[in-house]
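There are 4 protein chains.
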Amino acid sequence: MSLTTDQKKEIQDLQSQQYKTKRVTVSTLENILYEAIPALDHGFVRVIDYMGDDTSIVQAARVSYGKGTKKISTDSGLIKYLMRHWHSTPFEMCEIKYHIKLPIFIARQWIRHRTANVNEYSARYSILDKEFYLPSQENLAAQSTSNRQGRGDVLEGKQAEEVLELLKNDAERTYDNYETMLNERFDGSTINENKKGLARELARMNLTLNTYTQWYWKTDLLNLMNFLRLRADSHAQYEIRVYADIMLDTLKKWVPTTYDAFMDYRIGATEVSAKGKLTIQKLIKGENVDLESSGLSKREWNELMTAFDLKDKLI
Amino acid sequence: MSLTTDQKKEIQDLQSQQYKTKRVTVSTLENILYEAIPALDHGFVRVIDYMGDDTSIVQAARVSYGKGTKKISTDSGLIKYLMRHWHSTPFEMCEIKYHIKLPIFIARQWIRHRTANVNEYSARYSILDKEFYLPSQENLAAQSTSNRQGRGDVLEGKQAEEVLELLKNDAERTYDNYETMLNERFDGSTINENKKGLARELARMNLTLNTYTQWYWKTDLLNLMNFLRLRADSHAQYEIRVYADIMLDTLKKWVPTTYDAFMDYRIGATEVSAKGKLTIQKLIKGENVDLESSGLSKREWNELMTAFDLKDKLI
Amino acid sequence: MSLTTDQKKEIQDLQSQQYKTKRVTVSTLENILYEAIPALDHGFVRVIDYMGDDTSIVQAARVSYGKGTKKISTDSGLIKYLMRHWHSTPFEMCEIKYHIKLPIFIARQWIRHRTANVNEYSARYSILDKEFYLPSQENLAAQSTSNRQGRGDVLEGKQAEEVLELLKNDAERTYDNYETMLNERFDGSTINENKKGLARELARMNLTLNTYTQWYWKTDLLNLMNFLRLRADSHAQYEIRVYADIMLDTLKKWVPTTYDAFMDYRIGATEVSAKGKLTIQKLIKGENVDLESSGLSKREWNELMTAFDLKDKLI
Amino acid sequence: MSLTTDQKKEIQDLQSQQYKTKRVTVSTLENILYEAIPALDHGFVRVIDYMGDDTSIVQAARVSYGKGTKKISTDSGLIKYLMRHWHSTPFEMCEIKYHIKLPIFIARQWIRHRTANVNEYSARYSILDKEFYLPSQENLAAQSTSNRQGRGDVLEGKQAEEVLELLKNDAERTYDNYETMLNERFDGSTINENKKGLARELARMNLTLNTYTQWYWKTDLLNLMNFLRLRADSHAQYEIRVYADIMLDTLKKWVPTTYDAFMDYRIGATEVSAKGKLTIQKLIKGENVDLESSGLSKREWNELMTAFDLKDKLI
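From first to last, the protein sequence lines stand for chains A, B, C and D.
At position 101 of the first sequence (counting the first as 1) the number is 101 in our numbering, and the numbers step up by one without a gap.
At position 315 of the second sequence (counting the first as 1) the number is 315 in our numbering, and the numbers step up by one without a gap.
At position 208 of the third sequence (counting the first as 1) the number is 208 in our numbering, and the numbers step up by one without a gap.
At position 134 of the fourth sequence (counting the first as 1) the number is 134 in our numbering, and the numbers step up by one without a gap.
Since the hints were derived computationally from the structure, they do not count as laboratory data.
A quick note: this is a predicted structure, and the numbers were derived from the prediction, not measured.
By construction, the Cβ of each residue, glycine as well, lies at the ideal position given by its N, Cα and C atoms.
It is possible that part of the hints are untrue.
Simulated pairs of lysine-lysine, DSS-like, Cα-Cα distance not exceeding 25 angstroms [said to hold, decoys possible]:
1) C:K67 <-> D:K67
2) D:K20 <-> C:K22
3) C:K67 <-> A:K253
Which bits of chain A does chain D cover? Going by a derived footprint, with three or more residues having C-beta under 8 angstroms, they are [to be verified]:
4) 18-31
5) 152-159
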């Protein structure tokens with residue numbers, strides 16, 4: 001991540017502003033407001049604005065005239081209850097806005113979460129920054145042999161070097177040619193005064209998918225948690241998980257009670273199917289149960305045993 | 001509207017709180033924060049929270065690191081441009097939350113605007129307030145004879161009195177019987193210690209549709225304007241327009257530049273069809289044009305002439 | 001449910017039409033197309049139209065040029081996999097449309113599911129049918145003493161009679177007065193030729209919440225299952241569960257493979273929290289575990305033991 | 001567009017299937033069902049499935065038991081009325097599903113329309129086709145000098161050749177390196193048996209944004225029209241307009257009455273602001289009006305005069 005001097009100055013200006021408000025305010029989140037938290041090699045996550053806190057959930061659930069809170073233990077109990085029983089609307093009453101810089105191929109995954117508001121930096125209108133994502137050596141994984149959309153062992157030695165070299169050279173060359181076609185450099189300078197440049201909306205097609213883009217992304221607390229549940233998960237692609245992990249930390253700073261309930265009932269939880277429940281019951285009662293009689297597929301069986309950390313029962 | 005002493009106290013407590021924040025803050029909106037603005041005979045509109053202001057729209061449209069603003073005239077020009085060309089996403093970057101008290105039959109219209117977050121006071125869980133909407137005399141309109149879903153002349157004299165009497169008596173009687181079935185009064189007191197009460201989720205079915213309910217309603221600026229465009233319109237039912245008009249005023253206090261653009265390009269604007277454009281062109285050029293040659297239906301013709309205030313051309 | 005002769009005729013006409021199509025077609029669902037399946041005392045559920053079947057899910061998941069299917073066992077395995085791992089978009093590729101007649105207080109619960117398309121019969125424009133929901137004796141439950149939004153024992157004897165009498169009389173009287181105010185009967189006849197009627201959009205406010213309304217309700221398969229998961233659940237209000245149960249049966253007729261996966265992984269499944277998982281692990285390993293050391297609340301403990309049918313462990 | 005023999009066979013199989021249905025069926029749309037209509041150099045649009053027709057809109061608007069239609073002229077009048085007055089829900093009652101092949105940079109614009117269901121071909125899971133978009137000579141436009149996100153004159157001669165050469169070479173080289181990193185060719189053959197391949201989810205980042213992707217895209221009629229209104233517009237990027245124009249033609253085949261209303265009241269229509277209305281009124285009345293007194297900006301003035309084809313009034 002390389003912010004320009006101007007960008008740093010703009011961020012500092014925002015951080016030094018101070019207003020009086022009657023709105024609920026979260027000091028732990030205010031502490032990191034506007035800050036660019038680094039993600040991957042050139043990306044970042046910035047919290048730009050927010051609305052509400054843990055008490056706003058309680059207030060909405062009770063449709064109250066005042067704060068809606070009784071005492072902290074009661075509020076916490078209510079939030080846990082709402083989370084456990086999949087109540088959704090009270091969690092929609094809080095809102096957060098991020099400024100994110102991320103590689104385009106990750107942006108394409110991210111945008112599939114539709115219940116968010118997005119303004120992306122427009123490459124029809126502007127020139128994209130000359131920045132591309134290059135994985136660090138330890139994230140250069142081979143295709144998984146067992147899971148068709150996962151990663152296997154890390155590539156090593158010469159092959160790793162070759163891959164990084166290819167990624168770097170291709171990104172640089174295509175970017176250079178992007179500038180050539182635009183007849184303009186990323187800093188705005190014209191290359192050849194006697195030439196016209198190709199339309200930006202066309203030239204951008206030459207960029208590789210690891211080029212960085214950026215956007216404002218705003219969502220409510222419920223949909224933020226839906227995003228994090230999928231993207232902070234171990235099955236998510238590493239590159240989006242990096243962002244999700246940072247955002248999980250901003251969630252903790254923003255709504256700590258909700259965060260606890262979320263970690264317990266969502267992130268750390270597991271869904272057990274009707275058939276899976278019968279198997280677990282038998283295991284508790286010390287009854288005999290095997291794959292065949294369980295009605296589970298081998299894959300389901302192993303997922304179930306893994307969820308309950310019963311490694312000796314894996315088959 | 002009759003707030004209890006406790007409710008007034010809760011509201012005052014919220015209004016007297018004061019926090020420091022780095023977030024953008026709108027002092028004209030802060031001035032009315034939490035206040036219960038009366039609507040109809042027992043309803044109200046309260047602004048509970050908000051996020052962003054006019055500059056947030058500009059900031060998101062530019063995906064900027066800082067405030068995003070240049071100078072006020074430039075920002076205003078950009079907001080007008082975005083509104084005129086139906087750009088939507090920058091306006092989604094501001095959010096507002098209301099607490100509304102309203103009759104159930106109006107709540108049923110309102111809820112059809114799906115892109116909002118809602119927590120309604122639950123009559124499965126609690127007893128509804130003993131309050132029903134009774135129209136004032138001047139709003140007691142007869143069915144329109146020309147428009148199947150509109151109002152005609154005001155009812156007068158004895159018939160008006162009879163209608164009001166029926167509405168009042170039926171609402172009171174059904175509410176009394178609601179309490180009887182619950183075996184509980186609206187203030188929480190038990191009627192007969194030796195009896196069980198009917199489940200609240202069942203007893204509520206006896207209430208009439210003018211009974212007041214209340215909810216927290218949160219939406220982004222774009223969808224607020226979509227709501228107001230339809231509900232502050234002269235074709236909207238009077239009872240929902242009362243709410244929309246109050247909210248239009250909160251819009252003005254919140255985002256004055258957007259408000260101006262909204263009044264010019266939406267509320268005060270008109271859509272002219274392809275055929276309508278040809279008719280207007282001919283009128284400007286002083287060419288002959290009549291209903292038949294225009295290709296418009298009589299109804300369209302009159303809507304067009306009304307939109308441009310050409311009363312002498314109505315047929 | 002009392003369909004008029006005209007309505008029956010209209011339905012029969014639809015049922016006797018027969019077209020040729022290249023679209024995927026589900027004969028078990030075609031068999032009940034347009035049929036009015038009774039619900040409660042005057043309501044119904046009608047399947048009006050549908051798009052796609054089980055193979056459409058597979059086809060979309062594979063983004064295939066043809067049917068997308070390989071063999072039935074493979075397709076079934078894929079659908080189960082998608083359901084188990086909370087994939088959502090392939091299930092959005094099927095669509096169904098219902099015509100529903102239901103009491104207004106249930107319509108108000110139902111409409112909270114926002115991701116559906118709805119056209120409701122307009123009481124601004126038309127006169128509502130003279131039909132109200134009256135619970136059968138066995139559904140006349142008292143308020144639960146343990147659960148603030150649930151039902152307890154059934155009311156009996158004289159109190160039950162009184163409640164039914166109140167409900168019936170109030171619904172009839174308010175409907176009669178609705179007609180009086182409209183100066184029009186539900187069959188369209190005018191009451192007094194010399195009088196104007198109150199505007200329909202106003203008169204409707206006098207109706208009680210058990211009056212029947214009706215709507216067209218269209219949704220995709222994913223959101224239908226989200227609806228059914230909440231509303232076919234034992235915690236849902238009985239009156240909406242009646243509809244959900246009927247729709248669950250139409251789901252089975254429409255997409256039998258998805259239905260099986262849905263029953264196993266959603267309806268019959270249970271979510272176990274991080275803390276709950278530790279408790280279950282200990283139970284399987286025969287280790288000591290009690291409420292205190294589990295970190296669960298008493299309520300959570302009992303919910304967990306109930307989910308796994310471990311009645312002897314309830315406390 | 002180059003379909004493989006297998007793909008052609010799969011499409012023919014679908015086109016030759018024939019089922020009996022009681023559902024409304026549109027023969028003009030059935031005629032092109034499943035067909036791959038070419039778009040750009042390698043893309044296509046295929047209609048895969050649909051639900052409803054013009055009468056379904058009428059049926060839903062009337063919440064009718066039967067077809068909902070009276071006579072064609074009445075139905076047509078109702079559809080026009082609904083379109084003119086921005087009624088939305090009846091148009092949501094029809095649904096259509098497309099299979100689209102399109103360049104990634106266009107897919108990124110397209111996906112911003114959130115109210116649709118999408119399944120995209122997964123490059124985490126599969127290898128993308130070796131196909132990239134290369135503009136034809138006449139679409140190789142220079143950056144507009146007047147509009148920061150538009151196109152100006154067409155590039156010609158040597159510069160055009162150079163641009164096409166750069167685009168072609170970069171796309172081919174990055175694709176070759178994509179295969180090298182995967183250690184696998186697009187046809188599935190392994191390159192070097194002794195090497196592992198880079199994970200697909202990583203290797204894809206080396207592709208350029210003109211690489212073709214494909215997806216299933218399903219939406220309701222209302223949101224299809226919202227999409228077409230923006231993307232079949234002259235301000236839309238040429239490459240997405242090509243798709244929108246094809247889809248506009250499928251709209252005409254599917255719901256001809258709605259299509260006519262859409263062309264008249266949306267595509268061919270113009271929104272006139274409050275200030276613009278005053279200017280038009282004065283022009284009709286032959287009164288003096290100039291830019292300054294109009295209150296319009298120069299840009300607005302010219303947009304207004306252009307909308308009404310008053311070229312002599314441009315300034």
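To see whether the hints hold, each was checked on the structure:
no., hint, result
1, C:K67 <-> D:K67, "violated (31 angstroms)"
2, D:K20 <-> C:K22, "holds (9 angstroms)"
3, C:K67 <-> A:K253, "violated (49 angstroms)"
4, 18-31, "violated (count 0)"
5, 152-159, "holds (count 4)"
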